[in-house]
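Read in order, the letters of the sequence shown are residues 6 to 177 in this note's numbering.
Hints listed in this document are in silico derivations from the structure and should not be mistaken for laboratory results. Think of the CB as a built atom: it goes at the ideal place given N, C-alpha and C, for glycine as much as any other residue. Do not take every clue at face value.
[Unchecked claim] Distance ranges between label pairs, derived from CB positions:
no., residue 1, residue 2, range
1, Lys161, Phe122, 31 to 39 Å
2, His66, Asn12, 18 to 26 Å
3, Arg125, His13, 28 to 36 Å
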Amino acid sequence: MGKIGRNHPCPCGSGKKYKHCCLPATQAGAAGSPTNQMKISLMAAIERIQALAADKKAAFHELGVFLFYSDQEGDAWLLEITESDAVQLARGGARLEVPIDENPETIEINFSHTFAFRDRQLVLTAYADKAETQLERAPGQQIHAAIRRLYKRYPKEMLERMHVEPEHGAGA
């Protein structure tokens, strides 16, 4: 796996260069710091998009590999680009509980759907029953452009480091 370059964007999603953000903390031995920063940033972004959805305002926001959007009907979604996962954050202006499991090392979001584009429309597939839903009010063009930007901006090695494969049981 490749090394994160000093001049690459920081994987915590702050938008700063790695050397000006988390590199000093990593070198000082505070490896948990980027996760804590991301947790705070992620929760703040979720609360912000839920508030916009409650006001029924259309909005779009990027944070690292996460995309947030709300529409004028009060629905809000969180999309994770590298794995094409999605979870609804608000419905009809009402906030929904965010399925996030946190521990000192990682942030795990229990996504309910996967997403894909078909005929320039965002289509969700539920993990539970494989039902497909087309989101006609989703900002498809903005989402698609953000995905292209992400893959140009971050090295492949960095994108792979953003996910930890779950352990598959205890083996001997």
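Checked hints:
1. Lys161 to Phe122: 31 to 39 Å: 21 Å, violated
2. His66 to Asn12: 18 to 26 Å: Holds, since His66 and Asn12 (Cβ atoms, about 24 Å apart) stay within the stated range.
3. Arg125 to His13: 28 to 36 Å: With Cβ atoms ~31 Å apart, the hint holds.
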